[in-house]
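*Asks:* Spelled out, the chains give:
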Amino acid sequence: MNKTEQIREIVFESLKKLGAEEEIGDFANPSMDTRIRKHLDSMGVVALAVDLEELYEDLFDSSVKILNEEEANFMSNFETAETLVKYIDGL
Amino acid sequence: MGVYIKNVAYYLPEVTVSNEDLQSEFKDRDVGKMANKIGVFRRHVAGPDETALDLAEKAAKKLFEENDKDDIDFVILCTQSPDYYLPTTACILQHRLGISKNAGAIDINQGCSGFVYSLSLAKGLVEAGVSKNVLLVMAETYSKHINEGDLGNRIIFGDAASAILVSHTQTMQVGNFVLGTDGEGANNLIVPNGGLRNRFDSACEVTTDQRNDRRTDNDLFMNGSEIFYFAGKQIPSVVEQTLAANNLTKGEVDFYLFHQANKYMIDFLAKRLKLSADQYYFDIEDIGNTVSSTIPIALKRCLDKGIIQKGDKVLLCGFGVGYSWGSVVVEI
Numbered sequence: 055m056n057k058t059e060q061i062r063e064i065v066f067e068s069l070k071k072l073g074a075e076e077e078i079g080d081f082a083n084p085s086m087d088t089r090i091r092k093h094l095d096s097m098g099v100v101a102l103a104v105d106l107e108e109l110y111e112d113l114f115d116s117s118v119k120i121l122n123e124e125e126a127n128f129m130s131n132f133e134t135a136e137t138l139v140k141y142i143d144g145l
Numbered sequence: 013m014g015v016y017i018k019n020v021a022y023y024l025p026e027v028t029v030s031n032e033d034l035q036s037e038f039k040d041r042d043v044g045k046m047a048n049k050i051g052v053f054r055r056h057v058a059g060p061d062e063t064a065l066d067l068a069e070k071a072a073k074k075l076f077e078e079n080d081k082d083d084i085d086f087v088i089l090c091t092q093s094p095d096y097y098l099p100t101t102a103c104i105l106q107h108r109l110g111i112s113k114n115a116g117a118i119d120i121n122q123g124c125s126g127f128v129y130s131l132s133l134a135k136g137l138v139e140a141g142v143s144k145n146v147l148l149v150m151a152e153t154y155s156k157h158i159n160e161g162d163l164g165n166r167i168i169f170g171d172a173a174s175a176i177l178v179s180h181t182q183t184m185q186v187g188n189f190v191l192g193t194d195g196e197g198a199n200n201l202i203v204p205n206g207g208l209r210n211r212f213d214s215a216c217e218v219t220t221d222q223r224n225d226r227r228t229d230n231d232l233f234m235n236g237s238e239i240f241y242f243a244g245k246q247i248p249s250v251v252e253q254t255l256a257a258n259n260l261t262k263g264e265v266d267f268y269l270f271h272q273a274n275k276y277m278i279d280f281l282a283k284r285l286k287l288s289a290d291q292y293y294f295d296i297e298d299i300g301n302t303v304s305s306t307i308p309i310a311l312k313r314c315l316d317k318g319i320i321q322k323g324d325k326v327l328l329c330g331f332g333v334g335y336s337w338g339s340v341v342v343e344i
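Protein sequence lines correspond, in order, to chains W and C.
Here the first sequence is numbered in this note's numbering, starting from 55 and rising by one per residue.
Here the second sequence is numbered in this note's numbering, starting from 13 and rising by one per residue.
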């Protein structure tokens, strides 16, 4: 798997986990079209970001800061799984 | 020399604000939905003429129903709602309570980590032989810092005071501490005006955020997402450090008492630490987040309910404004 595919896998893994905890059916079998933002409030976004940062660090042995509210249009990165994978891949 | 928590008491102001009260004020907001996530359904608030000092006095008097005030030789009062710039609230409290004039008395300014910080200072005083019986008082009236139009914060916070006797006589033994600070987060939980950098400004602008919460720079501002992010990232490693500092494994700690920030955050931390529901506590439905008093109140309630018992090792962990964090293990 290349890096983008690895990031896709951790995004899916994290969505499944969060979906089970928060009872969000759309996260049970995520695809790149899965809409994220519409299901999460700000705390949910933070919870997802914290989990993803840990998975990313475990996978790539380097740290990443996914939550960056100072960035313009930050929340648009969480619209779908696809936008989130692209965003993390570009960090 | 061992240092021990001998007793805990707390006081809640008489006035309460229910979620129904808030809903009637904020008709266009869904208070119930917010409350379910936060886990607070009612909170106590100080009256217009009731200050942190008044709450502190009442909490200490409850403590003295079972402990002799004449034994107190040091007072540490933790508040971010002092009656005055000077003198310290602790000095006035000493006089009100009739504590010996030979006792030391200081205020410390800390928020949600304040109890653990105060406990660490008390332990130092007792171990150094400066003091034998330290009265810790956590007293906070954040309601006075919060704009009436700021539902987001009004729903979370409640006012309270707690009083804790720290002593050289054997009761609940205080272990080793982990303390930390990251001032880069200072602006994420702040009352910008009212100090000497930015004076209180009666004409300052009222702003409304995207959630429709209103505030001015004279009021408390909290960036909840950033605070949650800080806690979610920082606290699991603080817990690991505290276990190491006390030569314990996670399984050897019987119970975890975190600062009772809100339900979502505490459940999130528990999940990250892989704690089962019977290993941690959340109980602020009827009182709200009382800042530095959340841990002492939770400790008292757990003791009264028999949730934690003699011989249990309990990890206490406070975190928040500053950013600041502190953690310790106590053996009941």
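Since the hints were made in silico from the structure, they are not lab data.
Be aware that one or more of the hints could be misleading.
Lysine to aspartate or glutamate pairs mimicking EDC-like chemistry, simulated, CA-CA at most 16 Å apart [unchecked claim]:
1. C:Lys-286 / W:Glu-75
2. C:Lys-45 / W:Asp-95
3. C:Lys-245 / W:Glu-76
4. C:Lys-283 / W:Glu-75
5. C:Lys-245 / W:Glu-111
6. C:Lys-275 / W:Glu-76
Just so it is clear, the structure is predicted and the values come from calculations on it, not from any experiment.
*Asks:* A separate judgement is required for each hint: does it hold in the structure or not?
*Replies:* For each hint, the structure was consulted:
{"no.": "1", "hint": "C:Lys-286 / W:Glu-75", "result": "13 Å, holds"}
{"no.": "2", "hint": "C:Lys-45 / W:Asp-95", "result": "11 Å, holds"}
{"no.": "3", "hint": "C:Lys-245 / W:Glu-76", "result": "20 Å, violated"}
{"no.": "4", "hint": "C:Lys-283 / W:Glu-75", "result": "10 Å, holds"}
{"no.": "5", "hint": "C:Lys-245 / W:Glu-111", "result": "12 Å, holds"}
{"no.": "6", "hint": "C:Lys-275 / W:Glu-76", "result": "13 Å, holds"}
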